[in-house]
Amino acid sequence: MKSLHVWEAVALIVVASSIGEVLLSSAMKRIGDLGLLRASKGIFAVLAAVFSERLFLPGVAFMAIGFFSLLTALSWGDASLVAPASASLTLVLNAVLAKFFLHEAVDHRRWISALLVGVGVVLVAR
Amino acid sequence: MNLRKYLVLVAVMFFGAIGDILLARGMKDLGPVQLNHPLSLIAALANPWVFAGILCLIGFFGSYMTALSWADLTYVLPATAFSYVLLALLSKYFLHENVSAFRWAGILLISCGVGWVTRGPELTRHPQKTEAVGPSGKIQATGDTA
Numbered sequence: 001m002k003s004l005h006v007w008e009a010v011a012l013i014v015v016a017s018s019i020g021e022v023l024l025s026s027a028m029k030r031i032g033d034l035g036l037l038r039a040s041k042g043i044f045a046v047l048a049a050v051f052s053e054r055l056f057l058p059g060v061a062f063m064a065i066g067f068f069s070l071l072t073a074l075s076w077g078d079a080s081l082v083a084p085a086s087a088s089l090t091l092v093l094n095a096v097l098a099k100f101f102l103h104e105a106v107d108h109r110r111w112i113s114a115l116l117v118g119v120g121v122v123l124v125a126r
Numbered sequence: 001m002n003l004r005k006y007l008v009l010v011a012v013m014f015f016g017a018i019g020d021i022l023l024a025r026g027m028k029d030l031g032p033v034q035l036n037h038p039l040s041l042i043a044a045l046a047n048p049w050v051f052a053g054i055l056c057l058i059g060f061f062g063s064y065m066t067a068l069s070w071a072d073l074t075y076v077l078p079a080t081a082f083s084y085v086l087l088a089l090l091s092k093y094f095l096h097e098n099v100s101a102f103r104w105a106g107i108l109l110i111s112c113g114v115g116w117v118t119r120g121p122e123l124t125r126h127p128q129k130t131e132a133v134g135p136s137g138k139i140q141a142t143g144d145t146a
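Line by line, the protein sequences give chains B and L.
If you read the first sequence in the numbering used here, its first letter stands for residue 1, the second for the next number, and so on.
If you read the second sequence in the numbering used here, its first letter stands for residue 1, the second for the next number, and so on.
Since the hints were derived computationally from the structure, they do not count as laboratory data.
Since the structure is predicted, the reported quantities are computational estimates derived from the model, not experimental observations.
Glycine included, C-beta positions come from ideal geometry on N, C-alpha and C.
Treat the hints with care, since some could be wrong.
To be verified - In silico SDA-like pairs for lysine to any residue, Cα to Cα no more than 20 angstroms straight-line:
id : chain 1 : residue 1 : chain 2 : residue 2
1  : L       : Lys5      : B       : Ser26
2  : L       : Lys28     : B       : Phe68
3  : L       : Lys5      : B       : Gly42
4  : L       : Lys5      : B       : Ile43
5  : L       : Lys28     : L       : Trp49
6  : L       : Lys28     : B       : Val119
Claimed, not checked - Restraint-style ranges between C-beta atoms, simulated for each label pair:
id : chain 1 : residue 1 : chain 2 : residue 2 : range
7  : B       : His103    : L       : Leu30     : 43 to 51 angstroms
8  : L       : His126    : B       : Arg54     : 15 to 23 angstroms
9  : L       : Lys5      : B       : Ile43     : 31 to 39 angstroms
10 : B       : His5      : L       : Leu55     : 15 to 23 angstroms
11 : B       : Phe68     : L       : Val10     : 26 to 34 angstroms
12 : B       : Phe44     : L       : Glu97     : 37 to 45 angstroms
13 : L       : Leu3      : B       : Ala45     : 18 to 26 angstroms
14 : B       : His103    : L       : Leu95     : 38 to 46 angstroms
15 : L       : Arg4      : B       : Ala64     : 24 to 32 angstroms
16 : B       : His5      : L       : Glu97     : 22 to 30 angstroms
17 : B       : Gly42     : L       : Ser100    : 43 to 51 angstroms
18 : L       : Leu89     : B       : Leu74     : 30 to 38 angstroms
Isolated chain B, as found in the complex (with noise of 0.2 angstroms):
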């Protein structure tokens, strides 16, 4: 039964946080070139636009929950299967979401890319 919870929270954190993910990229898309505007309106125009930006708050939300759970989830003791399962899962999600969701031209080189790393993060955390 352990088991079984320790992979439902994998799958909590991987879902949580990829869809974070494609919201935040969603939110700084839609403001533009983060430098770019700093350089011409100054930092306080930065923090206002992300802040007001309507999907960066949810984003952050659903960012805090992956957290959250990848903290509970390290806390049973499983830390060298479910970090690196949980951050090469969230890799390829993200692949799927940001094709899906974001229209991203996730071609060969990005879907080969994605699986080196995940690949490789397994074997970093063993």
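Knowing the structure of chain B, use the given hints to seat chain L on it.
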């Protein structure tokens, strides 16, 4: 991609990896956190390692949001995955953890993935409603929605 944008990606990697290392170092001082005493996490802020780690993670979040403002998510995530390599190396030299053959193999794979994705375009250009067929026969976007 220009130098400023590469520096932002480097900042994402360094702030992320160093922030995680500082937090891990601080939490080792504090011991296991009891979930039924969530306020003990507030007390963790008094630990200088944890505090410095949080400052780094704020820097990470700022540079990560900046990168997402001009590059695709499927570009930024693999491109900044080099922080996992930094994390492994910092763990070896700073936290004195062992870096096994598996870890070195993982570092190699991540480096290949990072090198591979950063050679491609960083942003998907979505053509606006007004499209024109260029001389090459390809559809050219007259507006840049990105």
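Does the Cβ pair His5 (chain B), Glu97 (chain L) satisfy 22 to 30 angstroms? Given range 22 to 30 angstroms: holds, Cβ gap about 27 angstroms.
Looking only at beta-carbon atoms, does the pair Lys5 (chain L), Ile43 (chain B) fall within the given range of 31 to 39 angstroms? For Ile43 (chain B) against Lys5 (chain L), whose Cβ atoms are near 18 angstroms apart, the range 31 to 39 angstroms is violated.
Given the hint of 43 to 51 angstroms, is the C-beta distance from Gly42 (chain B) to Ser100 (chain L) inside that range or not? At 48 angstroms between Cβs, range holds.
Is 38 to 46 angstroms right for how far apart the beta carbons of His103 (chain B) and Leu95 (chain L) are? 41 angstroms, holds
Take a quick look at whether Lys5 (chain L) and Gly42 (chain B) sit within 20 angstroms of each other, Cα to Cα. 18 angstroms, holds
Holds or violated: the 15 to 23 angstroms window for the beta-carbon distance between His126 (chain L) and Arg54 (chain B)? 20 angstroms, holds
Lying within 30 to 38 angstroms: is that true of the beta-carbon distance Leu89 (chain L) to Leu74 (chain B)? Once the Cβ atoms are compared, 22 angstroms apart, the range 30 to 38 angstroms for Leu74 (chain B) and Leu89 (chain L) is violated.
Using the C-beta atoms of Arg4 (chain L) and Ala64 (chain B), is the stated range 24 to 32 angstroms upheld? 30 angstroms, holds
Assessment of proposed distance window 43 to 51 angstroms (beta carbons of His103 (chain B), Leu30 (chain L)): 44 angstroms, holds
For the range 26 to 34 angstroms, tell me whether the beta carbons of Phe68 (chain B) and Val10 (chain L) fit it or not. Taking Cβ atoms as reference, Phe68 (chain B) and Val10 (chain L) lie about 29 angstroms apart, which means the hint holds.
Can the suggested window of 15 to 23 angstroms be confirmed for the beta-carbon pair His5 (chain B) and Leu55 (chain L)? Violated, at about 34 angstroms.
For the pair supplied as a hint, Lys5 (chain L) and Ser26 (chain B), is the alpha-carbon distance within the 20 angstroms limit? With Cα atoms ~19 angstroms apart, Lys5 (chain L) and Ser26 (chain B) stay inside 20 angstroms; holds.
Violation of the numbered hints given earlier is confined to hints 6, 9, 10, 18; the remaining hints are satisfied by the structure.
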